[in-house]
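Sequence positions in the sequence shown follow numbering that gives the first Met the number 0 and run 0 to 112.
Calculated directly from the structure, the hints in this document are not laboratory data.
A portion of the hints provided could be inaccurate.
Simulated pairs of lysine-lysine, DSSO-like, Cα-Cα distance not exceeding 27 Å [as the list claims (entries may be wrong)]:
| no. | residue 1 | residue 2 |
| --- | --- | --- |
| 1 | Lys105 | Lys86 |
| 2 | Lys103 | Lys89 |
| 3 | Lys89 | Lys105 |
| 4 | Lys52 | Lys70 |
| 5 | Lys62 | Lys105 |
| 6 | Lys103 | Lys86 |
| 7 | Lys70 | Lys89 |
| 8 | Lys103 | Lys62 |
| 9 | Lys84 | Lys62 |
| 10 | Lys52 | Lys62 |
| 11 | Lys84 | Lys70 |
| 12 | Lys60 | Lys84 |
| 13 | Lys105 | Lys52 |
| 14 | Lys70 | Lys108 |
| 15 | Lys86 | Lys108 |
| 16 | Lys60 | Lys108 |
| 17 | Lys108 | Lys84 |
| 18 | Lys60 | Lys105 |
| 19 | Lys52 | Lys86 |
| 20 | Lys70 | Lys105 |
| 21 | Lys108 | Lys52 |
| 22 | Lys103 | Lys60 |
| 23 | Lys84 | Lys52 |
| 24 | Lys89 | Lys62 |
| 25 | Lys52 | Lys103 |
| 26 | Lys108 | Lys62 |
| 27 | Lys103 | Lys84 |
| 28 | Lys86 | Lys60 |
| 29 | Lys89 | Lys108 |
| 30 | Lys103 | Lys70 |
| 31 | Lys84 | Lys105 |
| 32 | Lys86 | Lys70 |
| 33 | Lys60 | Lys89 |
| 34 | Lys86 | Lys62 |
Every value quoted in this text rests on a predicted model; they were computed, and no experiment measured them.
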Amino acid sequence: MTRLAIIATLFLVGCSRPTTTETSSKDSLVVYDSSFNGTWTDGSNDVGLFTIKFDSIHDIKNKETTWFTRKGDSIMFHHVDYVHKAKMYKTHADTLMYEEDSIKIKFWKMLPE
0 MTRLAIIATL FLVGCSRPTT TETSSKDSLV VYDSSFNGTW TDGSNDVGLF TIKFDSIHDI
60 KNKETTWFTR KGDSIMFHHV DYVHKAKMYK THADTLMYEE DSIKIKFWKM LPE
């Protein structure tokens, strides 16, 4: 398996597996930060893996969009039957870290064409 496939699998499996049945109020957690908006890659090729627009993340390869909320460095992906929790934070203006179960994945913001 290529490095990109492994990272994409970790990210997508993490976003799609149930870890809790907890639900929360959308209004109490919504934190918009437009600096997260854009297309992000892990640097393994020139193709973006996902795009963030305000409160949703779009998986480019699988053409799936998931709504999320953030509070601090915590992120909650809201699926139909469950909420998936992880950490997502920026270390620089163009560097994003995704952290789950002691695994950290670094992503870089792609420049607009």
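Hinted pair Lys103 and Lys84, Cα distance within 27 Å = Roughly 14 Å separates the two Cα atoms, so the pair holds.
Does the alpha-carbon distance linking Lys103 and Lys60 stay inside the 27 Å limit?
-> Holds, at roughly 21 Å.
Taking only the CA atoms, is the gap from Lys103 to Lys62 under or equal to 27 Å?
-> Roughly 24 Å between the alpha carbons, so the hint for Lys103 and Lys62 holds.
For the pair we were handed, Lys52 and Lys86, check the Cα-Cα distance against 27 Å.
-> Holds - the C-alpha atoms of Lys86 and Lys52 are around 17 Å apart, at most 27 Å.
Holds or violated: Lys52 to Lys70, with C-alpha atoms at most 27 Å apart = holds, 16 Å
Are the Cα atoms of Lys84 and Lys62 separated by 27 Å or less?
-> Status holds; Cα separation ~21 Å.
Assess, step by step, whether the Cα of Lys52 is no farther than 27 Å from the Cα of Lys62, and give holds or violated.
-> Roughly 14 Å between the alpha carbons, so the hint for Lys52 and Lys62 holds.
Agreement of Lys108 and Lys62 with the hint, judged by alpha carbon distance not exceeding 27 Å = Holds, because 19 Å separates the two Cα atoms, which is no more than 27 Å.
Given the hint that Lys70 pairs with Lys89, does the C-alpha gap stay at or below 27 Å?
-> holds, 13 Å
Straight-line alpha-carbon gap Lys103 to Lys70, limit 27 Å | holds, 19 Å
Is the hinted pair Lys86 and Lys108 satisfied, with a Cα-Cα distance of at most 27 Å?
-> holds, 17 Å
Restraint status (C-alpha distance of Lys108 to Lys84 at most 27 Å) | holds, 22 Å
Consistency with the previously given hints is maintained throughout, with no hint failing.
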